[in-house]
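Okay, here's what each chain looks like letter by letter:
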Amino acid sequence: MAFYRPARWQRPATLAGLVALVALPAALTALGQEFYIGFATRVLIFALAASSLNLVLGFGGMVSLGHAAFFGIGAYTAAICQQAGINEALFAFPAAMAAAGLFALLVGSVSLRTRGVYFIMITLAFAQMVFYLFVSARAWGGDDGLPLAGRMTLAGFSLAGDSALFFASLAALTAALLAFGRLAQARFGRTLQAIRENETRMEALGYPVFRYRLVAFALGGAVAGLAGALLANLTGLASPNLLQWTQSGTLLVMVIIGGVGALYGGVVGAAVLLGLEEVLVGFTEHWHIVLGLLLLGIVLFAPRGVAALFGERRG
Amino acid sequence: MTQLILEQALNGLQFGLMLFLLAAGLTLVFGIMDCINLAHGSLYMVGAYFVAAAAQVADSFWVGLGAGVAGAALLGLLLEVSLFRRLYQRDHLAQVLATFALILIANEAVRAIWGPAAIMFNPPEALAGPVEFPLPHGAFFYPAYRLVIIAVGLAVAALLYLLVARSRVGMWVRAGAANREMTEALGINVRALFTAVFVFGAALCALAGGLLGPLLAVQVGMGESVLILAFVVIIIGGIGSIRGALVGSLIVGTVDTLGRALLPALLRATLPADAAATLGPALASILIYLLMAGILFFRPQGLFPARA
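Listed in order, the protein sequences are those of chains A and B.
The number in the working numbering is simply the position in the first sequence, starting from 1, with 72 added.
Position 283, counted from 1, in the second sequence is what the working numbering calls 272; the numbers after and before it change by one each time, with no gaps.
I should point out that these hints are in silico values taken from the structure, not numbers from a laboratory.
Here the structure is a predicted model, which means the values were calculated and not measured.
Glycine included, C-beta positions come from ideal geometry on N, C-alpha and C.
Any given hint could turn out to be false.
[Claimed, not checked] DEER-style ranges, computed between Cβ atoms:
| hint | chain 1 | residue 1 | chain 2 | residue 2 | range |
| --- | --- | --- | --- | --- | --- |
| 1 | B | Q78 | A | N313 | 29 to 39 Å |
| 2 | A | R259 | B | F286 | 24 to 34 Å |
| 3 | A | R273 | B | L204 | 24 to 34 Å |
| 4 | A | S230 | B | A(-2) | 53 to 63 Å |
| 5 | B | L67 | A | E357 | 17 to 27 Å |
| 6 | A | V351 | B | L67 | 23 to 33 Å |
| 7 | B | Q78 | A | E357 | 47 to 57 Å |
| 8 | B | A174 | A | R80 | 21 to 31 Å |
| 9 | A | G214 | B | A128 | 13 to 23 Å |
| 10 | A | F260 | B | H81 | 45 to 55 Å |
| 11 | A | A247 | B | L204 | 46 to 56 Å |
| 12 | A | T356 | B | L151 | 25 to 35 Å |
| 13 | A | L372 | B | L66 | 36 to 46 Å |
| 14 | B | A174 | A | R273 | 38 to 48 Å |
[As the list claims (entries may be wrong)] Which chain B residues stay away from chain A? Per the calculated CB distances, all over 12 Å, these:
| hint | residue |
| --- | --- |
| 15 | D23 |
| 16 | L27 |
| 17 | A42 |
| 18 | A115 |
| 19 | I217 |
| 20 | L276 |
| 21 | G291 |
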């Protein structure tokens, strides 16, 4: 892999996409398809979560199979905030980011001492611990999860309407992608990608490799926490399902489908995977088989992900 | 109390030995071929279904077990030749994606064929009752079927040890785990060796699934939870090491079983009731993960690293 550099068409394409997305709720309402506003919000939220994993995996080269932990902790933090009487997202969302980010800092500081497969497995182990902790915590709903009484308010405006939550999610995703894009080209991102390419050399050059990785890992965790808090608002529930290792697998699959280390990899992957799910469910009850076969096809025939098929420029 | 501890220790041994059957195949595939196989748990699930279905048709548990294990070995052969062979040279991400896809396919295929409900099937009638052990403090009863599982597990472990540590093929396998290129350069047909190891691993999966079938419910998704445990085992033991897999399995099996049985009682004795009610099950479930994180922190390569 080479260093990230945006393709020439990326900025106009992004602007066009953004305009289309801003107009989407109004268009769907005009067509009488309000249901799909909720679906689009789900895609945006998963795109945010997958993008945060892509920062860790694509730019940082750390294959984490425990990202669901940060996602779920964000969701639970939002629900717990509401349970404690805090219904303002301006407080709850940063709290979710802080909780997930701090936990990521803890997980990272232990797991980043290991390499390769061992890193994959130790991140998985931490995620499993979080899963079992929340399943056993009766004060927070145990197996059933912790429901939200209703959606939160953002700076006083209610997120109860589907469009309101859609725009909040869109804003979060846009901000995150802008930040990641800038970061990838900044000194920090360059160093991070250089460590991915050749850790030993960066170590020899005197870069604090461990610290760079840890910061990226914690940042990814924090953004995943934000996605979790948004998802809890969308579904009205912080569920232990969010913490299951298969959820980490799904996020990983999204990034791989979309393109590892491509800025929009997470977005493309989330849209493709959730879109496929939505379409296939309509055709057959056993859509998982079709999805599985498609994924196998991607592994065998499009090794660098769907985004790479469109040729994001590298080098 | 002695009875409880003895019973749970035997349960832990039995669980550990079954984990070993799964972990042995996984650690070899992992160690020699450097291939992450998330679908290893699916082989266990499909194997259990094969055994259950064959046992129903043949109306005999042992015939069913044999047929199911053979079926799973055949499936393993097909998978290795058609898919895994292409994955060995790819990076870990591609392997994760492909085998994750296999999990989706396997779960859904099983659901389509056998339905979503769990299948119950019985151990052989001769083994249905308990066995009595006379102890100084009174008799101790333990189910005969579980004793047979322990015996089979021990026999397979011994066989595997002889095979890996004492036979020529085992020497190739160990050589492959230590240094693949060198083994190939010495003229070993590593490709055929890979296929054989993979098929063997699939058969062991089905053996574990079939033996555990009468004790647990045979159902969709049974592979995922046990897969994670098998991974914990091979990480603790050191990837590619059969000895590590055995030690890791016994540690994980015993710690998990004893933790679940004894920790809640222990906490109730020392902590206030409501704190113990929450903390007990949580701590019991995460005990093995804490253990693994701890071992990795001090020995990042596991207890018995194959590439020392």
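Now the hints, each set against the structure:
Hint check: Q78 of chain B to N313 of chain A, Cβ distance near 35 Å, so the stated range 29 to 39 Å holds. Look at R259 of chain A against F286 of chain B: about 31 Å separates their beta carbons, and that is inside 24 to 34 Å. Under the hint 24 to 34 Å, the C-beta atoms of R273 of chain A and L204 of chain B, about 53 Å apart, miss the expected range. Range check, S230 of chain A to A(-2) of chain B: Cβ separation about 58 Å, and the 53 to 63 Å hint holds.
As the Cβ distance of L67 of chain B to E357 of chain A is approximately 25 Å, the hint placing it in 17 to 27 Å holds. Between V351 of chain A and L67 of chain B the Cβ separation comes to about 29 Å, which falls inside the hinted range of 23 to 33 Å. Roughly 36 Å separates the CB atoms of Q78 of chain B and E357 of chain A, a value that falls outside the hinted 47 to 57 Å. The hint said 21 to 31 Å for the Cβ distance between A174 of chain B and R80 of chain A, and at roughly 47 Å that hint is violated.
Our hint of 13 to 23 Å for G214 of chain A and A128 of chain B is violated, since their Cβ atoms are close to 39 Å apart. Taking the beta carbon of each, F260 of chain A and H81 of chain B are about 25 Å apart, not inside 45 to 55 Å as hinted. Between A247 of chain A and L204 of chain B, the C-beta spacing of about 52 Å keeps the proposed range 46 to 56 Å intact. Range check, T356 of chain A to L151 of chain B: Cβ separation about 48 Å, and the 25 to 35 Å hint is violated.
Between L372 of chain A and L66 of chain B the CB atoms are about 19 Å apart, so this pair departs from the stated range of 36 to 46 Å. Taking the beta carbon of each, A174 of chain B and R273 of chain A are about 29 Å apart, not inside 38 to 48 Å as hinted. For D23 of chain B, the requirement that its beta carbon stay farther than 12 Å from each beta carbon of chain A is not met, with the minimum near 8 Å. Distance check for L27 of chain B against chain A: the nearest CB is about 7 Å away, which does not clear 12 Å, and the non-interface claim fails.
Annotated as non-interface, A42 of chain B keeps its C-beta farther than 12 Å from every C-beta of chain A; the closest such distance is 19 Å. With a least beta-carbon separation of about 38 Å from chain A, A115 of chain B lies farther than 12 Å from that chain, consistent with its non-interface assignment. The Cβ of I217 of chain B sits about 6 Å from the closest Cβ of chain A, inside the 12 Å cut-off, so the non-interface label is violated. Distance check for L276 of chain B against chain A: the nearest CB is about 10 Å away, which does not clear 12 Å, and the non-interface claim fails.
For G291 of chain B, the requirement that its beta carbon stay farther than 12 Å from each beta carbon of chain A is not met, with the minimum near 8 Å.
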